[in-house]
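Residue numbers (my numbering), protein chains in the order written: chain V, -13 to 364; chain A, -13 to 364.
If you are wondering where the hints come from, they were derived from the structure by calculation, not from laboratory data.
Among these hints, one or two may not hold up.
If chains are identical, the list can't say which one is meant, so a pair holds when it fits in one copy or spans any two.
Said to hold, decoys possible - Under the rule of at most 30 Å between Cα atoms (straight-line distance), these lysine-lysine pairs were calculated in the DSSO-like manner:
(1) LYS74 x LYS306
(2) LYS200 x LYS74
(3) LYS282 x LYS89
(4) LYS200 x LYS5
(5) LYS256 x LYS102
(6) LYS74 x LYS282
(7) LYS47 x LYS278
(8) LYS282 x LYS47
(9) LYS74 x LYS248
(10) LYS278 x LYS102
(11) LYS89 x LYS248
(12) LYS10 x LYS129
(13) LYS278 x LYS200
As the structure is a prediction and not an experimental result, all values here were calculated from the model.
2 protein chains.
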Amino acid sequence: MKFRISRSALVEAVSQVSKAVSQKTTVPILTGIKASVDEAGLWLTGSNSDLTIQVCIPIQKDDKELVNVEIMGSVVLPGRIFSDIVRKLPGDYVDWTVDERWKTTLRSEQAQFELKGLDPEEYPRLPQLREDQMFTLPADLLKSMIRQTGFAVSTSEARGVLTGILLQLKDGKLTFVATDSHRLSRRQTEVEAPETLSVENVVIPGKSLSELGKILADQTEWVDVIISENQVMIRANHLLFFSRLLEGTYPDTNRVIPQGGKTEMVISTKELLQSVDRAALISRDGQDNVIKWRVKAEGTIQVHSASQDVGSVLEEVSAKVTGEELSISFNAQFMLDALRAVDTDKIQILLTGTMTPFVIQPADRDDALHLIVPIRTR
Amino acid sequence: MKFRISRSALVEAVSQVSKAVSQKTTVPILTGIKASVDEAGLWLTGSNSDLTIQVCIPIQKDDKELVNVEIMGSVVLPGRIFSDIVRKLPGDYVDWTVDERWKTTLRSEQAQFELKGLDPEEYPRLPQLREDQMFTLPADLLKSMIRQTGFAVSTSEARGVLTGILLQLKDGKLTFVATDSHRLSRRQTEVEAPETLSVENVVIPGKSLSELGKILADQTEWVDVIISENQVMIRANHLLFFSRLLEGTYPDTNRVIPQGGKTEMVISTKELLQSVDRAALISRDGQDNVIKWRVKAEGTIQVHSASQDVGSVLEEVSAKVTGEELSISFNAQFMLDALRAVDTDKIQILLTGTMTPFVIQPADRDDALHLIVPIRTR
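The shape of chain V in the complex, shown without the other chains (with noise of 0.2 Å):
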């Protein structure tokens, strides 16, 4: 294996994969980031038990040159230490060759890395999935989907399902859930996919599509979701994304979503959010992170909460509203996780009671809602 690479691609596309390298060392081989160079330029692979990463780093690209291969070859190199090494590198190219054991050099201007790297033939290979379920999208609608659910995700391993993100696909509209019970949040859209296609409880762990988010750089190219069994497979340009499926039913969250309200608010996003956030500094020092919201029919929330041993803050924020007066208390940082998924300057929430969940969404859009489960105060 011999060949010279640009720098600067090696780096981004190192950082790219490392994503998906496993910290832990139950499965050494795992630690290590594999690199195969063929005719189509260098290909690397990190990989955990949940999650796999590929990136192709091209032998050209716009009229560029960034891989000249001598040797074609394939070698597994320790992953956090050859993640540093390509990023403090002097030059702008990396000579790069493998010996017949796996003995790595590294050489770019005056400095000279020697490796011990693995077999690349004990590294796991990909899956290999059946493309029958596909669908596309662009690439930075996926990752605003992904920002604006995952959050909601159950941390608690001990909730399995929940720990993901429910991908729903009906009549060409695809539909992300995150819930931990408390608080949910869905997000639609329309994708290009096969009339047929219908997609039901499919659930990714919340992990991987928030690495995926990462890597998926603002671009505007599109991206395949290629769904098996117990395998998703998301193909970007020069990028394979697997990810595991977890087992279980997802539970129907239909029903728990309120149709209209009570009582209907528009107001700033901006300025709701700033308030919360400052109320939120007194309800951190509580136990359960209460904020309470007045709703007034002159047009007013009072935002509230106190705390026993530091204090209390009072504010109004100016709204829209509509239909009965009410109180509600909530947590917090439900609440700010929502408002800062919401990309419209304006939002509508709906209230349906004092004790039942309600909605927070775009004021002008449906196809992004959070919904909150109230907590019951004094």
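Put chain A on the given structure of chain V with help from the hints.
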């Protein structure tokens, strides 16, 4: 107590005194910030057992009114939450009132916080220092002296006096010394001091000086340093800084500093720093974080490190070498710390032997010096 204050001035002052506020709750009132408003402005004080910082926000600055006092008074507020609140308040001004039970109201536009204050009489008083041992230097010079020595203090509480920086003054020359007995850093400068003033064995906790370094903005103003039996006070514009002194006798370090060397080198600081930084990627994997230099008469330093598990690194840095060829091994982190502390483009290194301490200093100045004790290797 009732006044209005500029929020931006308050945010800056709170962030400065917060550096001294106690995180531990062994003395509960020290987790608070004391605020006193009088005809000079608002005084904020933060303190822990080692360190006290007091900042004054003056009534007026550059023709802008910063504080408008109605009723003078004092209160102690919970430090962390008070600091969070002032950062997040919405307006340009804060209206601050305290009642006779120290209940404090902070109002800024639509937001209103009520905090439980504490009796300021219970807050420790500032030490009173006699000002007969005093000298003066520019703030940015003091800051750089701290930065160029502080990293070398011992982090082991068992080493007592070595966790501090030694301050000496003789014939108008100020010296800072720090050592953990494996390396030493020394910085000297001329200061404005009475001719007769001589200071010996004054040892200031490294942590205290590091906090001072952070709050001494890159100002061109001058600071007074006032030394008493068990305290040092540093007085800048609107800022008072007190630290206790460490007890015990600081070792005489002059005799360990070699005069002249067998081998002298002049090298680009940046090139050497980057090459040691790369070599440290390998050495960090080993036990002692050791790298090895081979100094060659033809004008190169071979930088080498090897780790049994990972591999090795080898590179050459060009240098102007005079004297004997020599090999030497040392702790890579000590070298990185020293090279990062040097401000000049070129450095001079004086080696006296494979097993004797060696000196790193700016090529064209003798007011700064870093000494490293080598490590015996095979």
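Hint by hint, here is what the structure shows:
1. For a Cα distance limit of 30 Å, the shortest separation of LYS74 from LYS306 across copies, 25 Å, qualifies, whereas the shortest one inside one copy, 55 Å, does not.
2. Taking the closest pair of Cα atoms, LYS200 and LYS74 come within 30 Å of each other both inside a single copy (22 Å) and across two copies (28 Å).
3. In the homo-oligomer, the alpha carbons of LYS282 and LYS89 lie at most 30 Å apart only across protomers (28 Å), although the nearest pairing inside one protomer, at 72 Å, exceeds that limit.
4. In the homo-oligomer, the alpha carbons of LYS200 and LYS5 lie at most 30 Å apart inside one protomer (9 Å), although the nearest pairing across protomers, at 34 Å, exceeds that limit.
5. Proximity of LYS256 to LYS102 under the C-alpha cut-off of 30 Å is restricted to the inter-copy arrangement: shortest distance 29 Å between copies versus 53 Å within a copy.
6. For the homomeric pair LYS74 and LYS282, the shortest alpha-carbon distance between copies (25 Å) is at most 30 Å, but the shortest distance inside one copy (59 Å) is not.
7. Within a single copy, LYS47 and LYS278 get their C-alpha atoms no closer than 55 Å, and across copies no closer than 40 Å, so neither meets the 30 Å cut-off.
8. In this homomeric assembly, LYS282 and LYS47 never come within 30 Å of each other (Cα to Cα): the closest approach is 60 Å inside a single copy and 43 Å across copies.
9. In this assembly of identical chains, the alpha carbons of LYS74 and LYS248 never lie at most 30 Å apart, being 60 Å within a copy and 32 Å across copies at closest.
10. In the homo-oligomer, the alpha carbons of LYS278 and LYS102 lie at most 30 Å apart only across protomers (20 Å), although the nearest pairing inside one protomer, at 59 Å, exceeds that limit.
11. In this assembly of identical chains, the alpha carbons of LYS89 and LYS248 never lie at most 30 Å apart, being 70 Å within a copy and 38 Å across copies at closest.
12. In this assembly of identical chains, LYS10 and LYS129 lie within 30 Å of each other by CA distance solely inside one copy; the values are 27 Å within and 42 Å between copies.
13. When the C-alpha separation of LYS278 and LYS200 is checked against a cutoff of 30 Å, the pair qualifies neither within a copy, at 34 Å, nor between copies, at 39 Å.
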